[in-house]
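Asker: Note that the protein sequences, when read in sequence, are chains A and B.
Mapped onto our numbering, the consecutive letters of the first sequence carry residue numbers 63 to 283.
Mapped onto our numbering, the consecutive letters of the second sequence carry residue numbers 105 to 402.
Because the hints were derived from the structure by calculation, they are not lab data.
Please note: incorrect hints may appear among the correct ones.
To be verified - Just the calculated beta-carbon pair ranges, DEER-fashion: (1) A/Asp149 <-> B/Arg114: 20 to 30 Å; (2) A/Asp124 <-> B/Arg108: 26 to 36 Å; (3) B/Ala304 <-> A/Ser70: 35 to 45 Å.
Stated by the list, open to error - Within a straight-line C-alpha distance of at most 27 Å, the following computed DSS-like cross-link-like pairs (lysine-lysine) qualify: (4) B/Lys398 <-> A/Lys151; (5) B/Lys121 <-> B/Lys299; (6) A/Lys179 <-> A/Lys89; (7) A/Lys151 <-> B/Lys299.
As the list claims (entries may be wrong) - A short list of chain A residues far from chain B (calculated; beta carbon distances all over 12 Å): (8) Lys185; (9) Glu240; (10) Lys243; (11) Tyr281.
Because the structure is a prediction, the values reported are computed rather than measured.
Where a beta carbon is used, it is the ideal one built from N, C-alpha and C, also for glycine.
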Amino acid sequence: MIQICNVSMSYQKDSTALIDLTIRIPKGDFVYLTGASGAGKSTLLKLLYGAEKPTRGQILIDGQNITRLRSSRIPHLRRRIGIVFQDFKLLNSRTLFENVAFPLEVQGRKRFEISTKVYQALKHVGLHGKLHRFPLQLSGGEQQRAAIARALVGDPMILLADEPTGNLDDEVTQEIMELFKGANARGTTVILATHNRDLIRQFPRRVLLLDKGRLKEDYTP
Amino acid sequence: MLDRVRCLMRRVWRNLKQSPVLCTAAIGTVAVALTIIAFFGIVVLNVQQVTRQWSQDIQVTAYLEQSPSASQIQAWTAKIKAMPEVQKVVFVSRDEAFRRFQKRLGPDAELLEGFGPEILPAAMEITLKPPYRNQAGVGELVGRLRQDANFSDLTYEQEWLTRFDAFIGLLKLGGVIFGGFLLFAALFIVANTIKLTLYARRDEIEIMGLVGGSSMYIKTPFLLEGALQGLVGGLLAVAGAFGLFQWLLKEGLAGFLLISGIGHILFLSLPQQLLLVAAGTALGLLGSAASLRKFVRI
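The shape of chain A in the complex, shown without the other chains (with noise of 0.2 Å):
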């Protein structure tokens, strides 16, 4: 359960990035974070993931209040969420098999249970053939695939999206959304940011509609 209460962001004292949120995402959900472009949902999943903290109000993630975190356990937090971006975000001078292997070397896991995880993780996304590639040897859509699994490799308990399908075509951008939905038909939680509306119609979830800053609208379609 995610219970954001009352939050609000501001960068600087004259521009408020999120005003009064208050937010509850029960475990297992769906969740599309939506809105035009400077509307806070970046900022609502850096908040989320403890890169920055409210300026007001709490964050609880299963009952721990992230905002009170002190920055040495900000780790322990993020290795409960798996984060995928638009850029994908993965390290050029390694392999697919080595970027996946990452956060689970950062927790200190045995090599054998990390090949293991690792093979499984790119099994299920499809780039179990290609472990020792170099993400610049792969489409985008498989990279993106890539960081995903890297994202679930660690069986997190959140699943946080920014912009996943941004810069991938329609048929990789259903892939991917497949991923995504099988990430929570097994029990993760999946927050998704996008102002692709096509998105929402054809995977429609619980939508929160933001609007620079605030929320403007919580519904299902």
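Based on the hints, put chain B in the right spot on chain A.
Answerer: Same frame as chain A, but now just chain B:
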């Protein structure tokens, strides 16, 4: 535990392998900066040696109006030797003084024909302990000696002492300013070079943070890498300083320095060499730590 150490070493090795040019640049920067500091240190070391040699000439001579008896000589020698500034006291009789004078005149000694030792006074030659071989030390000793009426006629080359003191003061001040400047410049350059290597890997650092890497997990390999680069840079600096020592000091300035009265030119001692390598390691470590503060904000 062993797995983690192995993983850490693998990451350090991978980082070094990944950007050999930047790694070489960091090592080179540490090496050049420390070579300059080491060379400056060697010069200071040898100039100190020269000044130590010169300071041996600092002595106070008390001329005696009458030739003292053996018991007086013994008593005065004991009294002067008990003074805290005094290292050695030598009684120079009139005969000894005359002999020295003749020797100093060399071929012109015939000028002294017809004269005897009575033309020169007996004297007590007083050598000071090294810490007192300066204007203040000599001043204190002279003040103490003047309290005894037997030692009223004292010489101690006041003007030379003033100039010697000024020279030593200038040398120390110059050493502190120049050495401090070099050290600060070295730290600044090394920190910036390491910052460049981190800048090249900022994506990796960012992603490590996003997938849950702790501050320690992210920083440790970079700190070790910085320390390792500093260590190699420090070793190269010892080698570089030795090369410069052989080529510039031993060959080029040997004649000049030997004229100044020192027997041989010194290189850094083993503890000083180890200190240089340790300084390189610390420089790499501090440079990395300073740069990481900017890049890792977890």
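Asker: Given the hint of 35 to 45 Å, check if B/Ala304 and A/Ser70 actually sit that far apart at their C-beta atoms.
Answerer: 37 Å Cβ-Cβ, so the 35 to 45 Å window holds.
Asker: Does A/Lys185 clear chain B by more than 12 Å, comparing its Cβ with all Cβ atoms of that chain?
Answerer: A/Lys185 clear of chain B: closest Cβ-Cβ about 20 Å, beyond 12 Å.
Asker: So if I understand the rule, the pair passes when the alpha-carbon distance is 27 Å or less; does A/Lys151 with B/Lys299 pass?
Answerer: holds, 21 Å
Asker: Is it true that the C-beta distance of A/Asp124 to B/Arg108 lies inside 26 to 36 Å, as the hint says?
Answerer: Given range 26 to 36 Å: holds, Cβ gap about 28 Å.
Asker: The hint says 20 to 30 Å between A/Asp149 and B/Arg114; measuring C-beta to C-beta, is that right?
Answerer: holds, 27 Å
Asker: Checking a non-interface call: every C-beta of chain B should be farther than 12 Å from the C-beta of A/Glu240. Is that right?
Answerer: holds, 23 Å
Asker: Keeping to a limit of 27 Å between CA atoms, is the pair of B/Lys398 and A/Lys151 held or broken?
Answerer: Given that 27 Å is the threshold and the Cα spacing comes to 20 Å, the pair holds.
Asker: With a cut-off of 27 Å on the C-alpha distance, tell me whether A/Lys179 and A/Lys89 pass.
Answerer: holds, 24 Å
Asker: According to the definition I'm using, a residue is off the interface if its beta carbon is farther than 12 Å from all beta carbons of the partner; does A/Lys243 meet that for chain B?
Answerer: holds, 23 Å
Asker: Holds or violated: B/Lys121 with B/Lys299, Cα cutoff 27 Å?
Answerer: With Cα atoms ~17 Å apart, B/Lys121 and B/Lys299 stay inside 27 Å; holds.
Asker: Beyond 12 Å from every chain B Cβ: check whether that's true for A/Tyr281.
Answerer: holds, 31 Å
Going through the hint list in order, the structure satisfies each hint without exception.
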